[in-house]
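From just these sequences and the hints, can you work out the full model?
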Amino acid sequence: MNFYTDNESLSFYLHHPEMEKVVAVKEKDFAEAGKHPEAPASAQEAVDQYDMVMNLAGEIAGEVIAPNAEEVDHVGPTLADGRVQYAPGTRRNLDALIQAGLYGVSLERKYNGLNLPRAVVVMMAEIIARADVGFATIWGLTDCADTIQEFADEALKEKYLPRICQGATCSMDLTEPDAGSDLQSVRLKATWDEAAKCWRLNGVKRFITNGDADLHLVLARSEEGSTDGRGLSYFVFDRADGGMTVRRIENKMGIKGSPTAELQFTNAPAQIVGERRLGLIKYVMSLMNGARLGVGAQSIGLCEAACREAEAYAASREQFGHPINQFVAVQDLLARMRARTDGARSLMYETARYVDLAASSRAASRVADILTPLVKLSASEFANRNAYDCIQVHGGSGFMKEYACERLYRDARILSIYEGTSQLQVVAAMKGIASGAYLKQIESYDARVAEGLAAGLDGKAAPAAELQRCLDVLRKATDGYRRFYELAATEGTTSERFEHATRALTEVLAAIVMGYLLLLDSQRDARFLSSCQYFVREAIGQASRHIATLENC
Amino acid sequence: MSLKIVVLAKQVPDTHNVGADAMNADGTVNRAALPTVFNPEDLKALEMALQVKDQVPGSTVTVVTMGPPRAAEIIKDARNRGADDGFVLSDARFAGADTLATSYALSQAIRQVGHVDLIFGGRQAIDGDTAQVGPQVAEKLDIPQVTYAEELLAVDAASISIRRRLERGTECVKASMPVLVTVTSAADDCRFPNAHRMIRLAKEEVRMMGADSIDADMDRLGLKGSPTKVKKIESVVLAHKESVVLEPTEAALNELSATLIKEHIL
Numbered sequence: 001m002n003f004y005t006d007n008e009s010l011s012f013y014l015h016h017p018e019m020e021k022v023v024a025v026k027e028k029d030f031a032e033a034g035k036h037p038e039a040p041a042s043a044q045e046a047v048d049q050y051d052m053v054m055n056l057a058g059e060i061a062g063e064v065i066a067p068n069a070e071e072v073d074h075v076g077p078t079l080a081d082g083r084v085q086y087a088p089g090t091r092r093n094l095d096a097l098i099q100a101g102l103y104g105v106s107l108e109r110k111y112n113g114l115n116l117p118r119a120v121v122v123m124m125a126e127i128i129a130r131a132d133v134g135f136a137t138i139w140g141l142t143d144c145a146d147t148i149q150e151f152a153d154e155a156l157k158e159k160y161l162p163r164i165c166q167g168a169t170c171s172m173d174l175t176e177p178d179a180g181s182d183l184q185s186v187r188l189k190a191t192w193d194e195a196a197k198c199w200r201l202n203g204v205k206r207f208i209t210n211g212d213a214d215l216h217l218v219l220a221r222s223e224e225g226s227t228d229g230r231g232l233s234y235f236v237f238d239r240a241d242g243g244m245t246v247r248r249i250e251n252k253m254g255i256k257g258s259p260t261a262e263l264q265f266t267n268a269p270a271q272i273v274g275e276r277r278l279g280l281i282k283y284v285m286s287l288m289n290g291a292r293l294g295v296g297a298q299s300i301g302l303c304e305a306a307c308r309e310a311e312a313y314a315a316s317r318e319q320f321g322h323p324i325n326q327f328v329a330v331q332d333l334l335a336r337m338r339a340r341t342d343g344a345r346s347l348m349y350e351t352a353r354y355v356d357l358a359a360s361s362r363a364a365s366r367v368a369d370i371l372t373p374l375v376k377l378s379a380s381e382f383a384n385r386n387a388y389d390c391i392q393v394h395g396g397s398g399f400m401k402e403y404a405c406e407r408l409y410r411d412a413r414i415l416s417i418y419e420g421t422s423q424l425q426v427v428a429a430m431k432g433i434a435s436g437a438y439l440k441q442i443e444s445y446d447a448r449v450a451e452g453l454a455a456g457l458d459g460k461a462a463p464a465a466e467l468q469r470c471l472d473v474l475r476k477a478t479d480g481y482r483r484f485y486e487l488a489a490t491e492g493t494t495s496e497r498f499e500h501a502t503r504a505l506t507e508v509l510a511a512i513v514m515g516y517l518l519l520l521d522s523q524r525d526a527r528f529l530s531s532c533q534y535f536v537r538e539a540i541g542q543a544s545r546h547i548a549t550l551e552n553c
Numbered sequence: 001m002s003l004k005i006v007v008l009a010k011q012v013p014d015t016h017n018v019g020a021d022a023m024n025a026d027g028t029v030n031r032a033a034l035p036t037v038f039n040p041e042d043l044k045a046l047e048m049a050l051q052v053k054d055q056v057p058g059s060t061v062t063v064v065t066m067g068p069p070r071a072a073e074i075i076k077d078a079r080n081r082g083a084d085d086g087f088v089l090s091d092a093r094f095a096g097a098d099t100l101a102t103s104y105a106l107s108q109a110i111r112q113v114g115h116v117d118l119i120f121g122g123r124q125a126i127d128g129d130t131a132q133v134g135p136q137v138a139e140k141l142d143i144p145q146v147t148y149a150e151e152l153l154a155v156d157a158a159s160i161s162i163r164r165r166l167e168r169g170t171e172c173v174k175a176s177m178p179v180l181v182t183v184t185s186a187a188d189d190c191r192f193p194n195a196h197r198m199i200r201l202a203k204e205e206v207r208m209m210g211a212d213s214i215d216a217d218m219d220r221l222g223l224k225g226s227p228t229k230v231k232k233i234e235s236v237v238l239a240h241k242e243s244v245v246l247e248p249t250e251a252a253l254n255e256l257s258a259t260l261i262k263e264h265i266l
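One line per chain: the protein sequences are S and P, in this order. The first sequence maps to residues 1 to 553 in this note's numbering. The second sequence maps to residues 1 to 266 in this note's numbering.
Since the hints were made in silico from the structure, they are not lab data. Glycine included, each C-beta is placed from N, C-alpha and C at the ideal position. Keep in mind that the hints are not guaranteed to be accurate.
[To be verified] Taking lysine to aspartate or glutamate and the EDC-like style, the derived pairs with C-alpha atoms no more than 20 Å apart in a straight line are:
id	chain 1	residue 1	chain 2	residue 2
1	P	K203	S	E38
2	P	K203	S	D51
3	S	K440	S	E486
[Stated by the list, open to error] Over the 10 Å line for every Cβ pair with chain P, so calculated as not near, a few chain S residues:
id	residue
4	V47
5	G436
6	A437
Given below as structure tokens:
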């Protein structure tokens, strides 16, 4: 089984028209062509390479990681003498990916990376997560390498980045017992050791995913006497240098293959990444945006897995003399699951393309910033709903441990919590809501849809009349959103009334954005139409409901 | 110290993914409609060869196959997995070869490679299941062979130690080089292709070699060199058509034994 080739949507987004621009930015207008044996000379060649690499990742996800998932969930990692031992299946997964050269894939070629754009990296994350979300967290943490690549000095890059491409695992050590969502309260201390010419870390980190990794990025307080985020710096710690022990690994509800650890740092030697005091306010924020997109990818992988488990069961389970997928009530569940998956996926790849384009455009960077919380919020909540519905389709059998849906249900739960809870995503979205940045983005989608309809569509597109109907309703929904916003903000955007409405405002926005994106997708391929219609209904329905609530209650 | 290693491989129909149009109306195989794969035991052979290369740095692995031009796909696949080189014996004059003609063509091709220390091949191909080609190549090259290999135990410049499967158990054998080894499905799975190799090698063509380039006796190639004639292919379905219920008595068991002996089953 190949998790890339068995899902046509992935190739659809890999060959998205905007990918040409993404490639040009990532390849710096093909500056390495002819100089490096792996560098492409054209957008077509680059996309062909992505396709090849995704094919390989798809095979490993389908043939190695997915078959290991159940055993890894049962066995989990173990702790002995302050060291974490992965479940044997996790080790096999890692070995397969390392052997295939699929570690540190986003890094530049000079560090032995594949120089893949974010739009491809998240696709790889999606299929790995479809196979096993817990494992996807371990693989996904190689994103730490991007922070080193972007902010560290060359000596540090040369020391660590090639190691990551060879399979060194990573962790992002941010949270502490008293610093979860509030990272400004981080207390782990970093002091300069003049004799050894290095920083020394002392303190405790808690809830650290893949906590016994080879390389750690540690947020620590370098400025004595400081109490807020401006006193924090960012460090890289190499486990081989000693000074860190794992105190415990958590007994979790889901993603059990991924070791979540409590770490004790005692005079651990470390090197600073970038400049002092910018740890939280610049570097972690950058890392966090990447991590949020990564959780989006994990969530969509889980959405897809839940869809497939449910579809397969509904096709084989017979009741009243028919497979249950012939009953409207079950079809409705399956269609909603598929629509959520399609919507979140379209939003994620759109966001990832903007993240890639942000390297050369401030405007793209601003769009990436506003779309990222929408991806994290929508995809992670959808993953939970899909996992719930997947069990529902299975009926009583879904409540038993024999079916994968039970594991998916447990694994999904963390997605709307880690790397920023859903509530924090709403906070992150507020700036774009208040500034009108989302509306501006929606207007640009509207113009693109209208332009496509006016120009005429090819044979693969959904019928123009259907698309026009969707567009008309999305315009009404957008008007509804404006009205909802005005009603919510009657007492000002700092009022309690407004704060209460923020989550709903964000969700209406997300539905409109996903509706538009699937409308654009439906102009290229009719199979996205029914999912598009789902979000069109959601957008108008939610907007109307919230307006009615605010007007009457 | 470095070794020259050859792997014999075959592209075969993917029997796990046979569609409805796999057979023509006249009962012959519709090859064009069949998806193809790297013969599974040949992949295991490739892995064993690559393990030798890992242990003896500087060694080279060359993959040789015979088949239509599209068989180049498995050479590319093998290179992506770590093989250094490979070529396809492709020529209309090779067509219709049985195991005798195939092993002759392959052995002549191996001679072109020059001095070879080790030859690995799968025990058998899933489309023919003869398990004859490997041993016949060894005979034609006049070198020893180790069949049914399951595990590489050790290798040095002059010898290789292998665990091989027997009917009841395994045995460990040490063979001096050159030697041909056929590998079973119990051996290690082949490593995955490597993304960097895939990208680097994507544009490199696969060498194709015709009958003229292997210094062969044309009468020993293809259909002409194949004494095996397929008279008919039948799909034999073994099914229980009747069952006999026996009383749990000695007399009934004796009667069953007598019947089975009479019908030459025992």
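Verification of the supplied hints:
no. : hint              : result
1   : P/K203 <-> S/E38  : holds, 11 Å
2   : P/K203 <-> S/D51  : holds, 15 Å
3   : S/K440 <-> S/E486 : holds, 17 Å
4   : V47               : holds, 12 Å
5   : G436              : holds, 43 Å
6   : A437              : holds, 37 Å
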